[in-house]
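Put together the whole structure using the sequences plus the hints.
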Amino acid sequence: MDLSFSAEEQKFRQDLRAFFAEERVQGVLRGLEGCKPRVEAHSQKIYQWLGERGWLAPNWPVEYGGAGKTAVEAAILSEEMARASVPDTVHVNTIEIVGLFLLLAGTDEQKKRFLPAMARGDTVVSVLYTEPNSGSDLSSLTTRAVFDGDGYLLYGTKIYSLTTQFAQYGLTATRTRGGMSKYDGITLFLVPLRERGVEIRPLWNISDERFNEVVLDGAWVSPENIVGPLHGAWELINTALSIERTGLDYYVKMRRWLDAIIARARETGRLEDPRLGHEIVRLDAQVEAGRLMVWDIITQLQRGELDNVQAAMSKWYNTEVGRHIARLGVDMEGLAGTLSRWDGEAPMGGLLEAAYRECPGLTISAGTSEIMLYVIAAVGLEIGD
Amino acid sequence: MGMDFRVSDELKMLKTTCARFFAARFPADAGRRAERGLGAGSGRDAGQGFDPALWKGFCDLGVLQLTLPEAVGGAGLGQGAAAVVAEEIGRALYQSPWADTVTAADIIVQAGPAGAGWALLEGIAAGACTIAMAVRERGQDDPAALSALGATATAAGDGFTISGRKLFVPFGETVDRFMVAAATPHGPTMFLVPRDRAGIQVRRGDDTGRSEFCSVEFAATPAGAADVVGAPGGAAGPYTGALARARVRHAAYLVGLCQGALDVTIKYTKEREQFGRAIASFQAISFRLAALAARIDAARHLAGRGAWLGDGNGDLRELRRIAAEALAMAGELARDVTAESMQMHGSFGFSEEAEPQRYYRRAAVDALLLGTPVQLRDEAMALLAARAPA
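Sequence order for the protein chains is V and G. Our numbering puts the first sequence at residues 5 to 389. Our numbering puts the second sequence at residues 989 to 1378.
Calculated from the structure, these hints are not laboratory results. Nothing here was measured: the structure is a model prediction, and the numbers come from that model. Positions of the beta carbon are idealized from the N, C-alpha and C atoms, including for glycine. Hints may be right or wrong, so weigh each one.
Said to hold, decoys possible - Here are the simulated lysine to aspartate or glutamate pairs, DMTMM-like style, with alpha carbons at most 25 Å apart:
#, chain 1, residue 1, chain 2, residue 2
1, V, Lys115, V, Glu309
2, G, Lys1000, V, Asp6
3, V, Lys15, G, Asp992
4, G, Lys1000, V, Glu309
Said to hold, decoys possible - To list a few chain G residues with every Cβ distance to chain V over 12 Å, as calculated:
#, residue
5, Pro1101
6, Arg1126
7, Thr1149
8, Glu1340
This is how it looks when you write it as structure tokens:
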């Protein structure tokens, strides 16, 4: 076992830290802190600056706008973005999820058409899977795509997607035919969202990231925008879901939240008060263990392997700890812990108050905790039905 | 090169070797693990307590050489190898002088060639010399604190006489030597004395784990200058690092204990039928087992990091903090897993012949052995506070 980073990997981390410390980046981040309610903190500008160097998608090939680096370096980017408080949800959806689909299953033409613009930070893509009656049981989706001779007309409603308000495209799961089973007949489209037949509305939730409702009412999509096999995307969706399930994006959030708590406890002289310190240590152990689970999976991906059960464990573990961190962050300040960043007097800039509102979503998104436990039990322990 | 979580083929083989050894020696119904006659000082029934033949067989696998330097007959494989063995010991619940002997050898190596015990290292590596740590004096003692020792060593001629009573000394009736911590005018000092030295009285106790714990009374026990490990007053240095590494190995042992308890529970719930189906098919069971499996995986990763740090990667403070965090996590997990195992086995799990109760009883003792979770968190908290801000 070797848990050390190579000199090259350490240098990339230092380079990123230097970049995020630049005044132009810090200036944008200060501006985001003042975001009004219902205005989501996101900076395409910082992404574009990263993109100029190939760092927004560092592990993509250079020809597609990446830097030809490794999965380890891509994960280092995620860690450093979180550490610098750069909002990452657009990055996760566009680069880590949709980019991965295109790399796995896109045609050469699609890769050339989409990937460089995504890696530059010019194109944003969101993920449109969930429907009002189709959540964990995604194969029950009912959004239809009907062939009209040239292309496809899409009808249906997708809900609870994040970052769609920023996006030019939505990776959309549809049903293109009634198949032998509900897993057959599913097709993925990259749907242009700023076209006729697409309506995007906010569904306000308690977190700082809005949900979107996307109503597709005869939106036309070219067959050239089909990602993966026609009628046969189910397997691809599952492959991509498990690859994105490293737990990385969750762990970096946990570390950021807990580090804010540690800094606050230190600043207020309470880090060695066992009433607070013991709980911090308990959570520090869990976040550190979660980090190791994540890195284990990232190094597997690096070698072209992936243990689905370990990935499910990592996603479950790294999100279940969230509620405990958020609760501690609020409790340690008493009622002041419930002050939001718009109050102006919130401790930790309201980060942990926002965490309390965000964390219920973490054990739901990208596969609920119950689905993770099902995978662990059924595949890993070979029990359950 | 670069980050790699896989254990080497060499360590995989070591793991398999240990697992096969225990599987062959401990058929599921043998009832030897965590087992002996009840009652303080009770006579040993045939096949119970310390089994010298079994111990010899185990030593012949090379398990005592792993962490020792090659210069003294060791294999120089480091803490990663020791953690692999510890995990297999935990899975099998094998109780032996292995853990304390490895810790004592670590202290001897840290203290250097001038101290007591150096000449014994080759024998230790071969399994010919077992040592029990005699540090603790009260149940609630923090094993990390040498400052509050009640046992004293007073100057007598060229050497010392040791007086005091040590508790929870494992295999006190059978080990070859004790490593005794005692206060001297120079400060806390570690002595290595043979078990049959004058003025030593050993009495076996009785506890939840049916351990081989003994109280050891030192009544003006003579100890020469040659019995001092390191320098008089110099116990803390070698002991601090050795304890951190012992905690990492013990965390790995507890991870193995958890895995063993989980495995028997999975097996049982797949076989046991109620309401016309295997009880494992109910999510009330399967989801809880899945959650425990994930927590065991987390604890294994953290112990693994401790082992990596224990091999000289990173500084001592980081090792001590991760060791304390990993052991606190594993100790609490062991009690959670074994309590769940008892619940899922129903009344059968309580029976003397059932496996779950062995794991459940051992967890009670082993979760506290090298510090209670509260003591461990106290230490980790202080180390976290002393660390530079992130």
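Structure-based check of all given hints:
1. V/Lys115 to V/Glu309: Distance ~23 Å between lysine 115 of chain V and glutamate 309 of chain V Cα, so the pair holds.
2. G/Lys1000 to V/Asp6: It holds: about 15 Å lies between the C-alpha atoms, which stays within 25 Å.
3. V/Lys15 to G/Asp992: Holds. Lysine 15 of chain V to aspartate 992 of chain G sits at ~19 Å (cutoff 25 Å).
4. G/Lys1000 to V/Glu309: holds (19 Å)
5. Pro1101: Proline 1101 of chain G clear of chain V: closest Cβ-Cβ about 30 Å, beyond 12 Å.
6. Arg1126: Non-interface label on arginine 1126 of chain G holds, nearest chain V Cβ at 20 Å vs cutoff 12 Å.
7. Thr1149: At roughly 39 Å from the nearest Cβ of chain V, threonine 1149 of chain G sits farther out than 12 Å, so the non-interface label holds.
8. Glu1340: Check passes; 27 Å lies beyond 12 Å.
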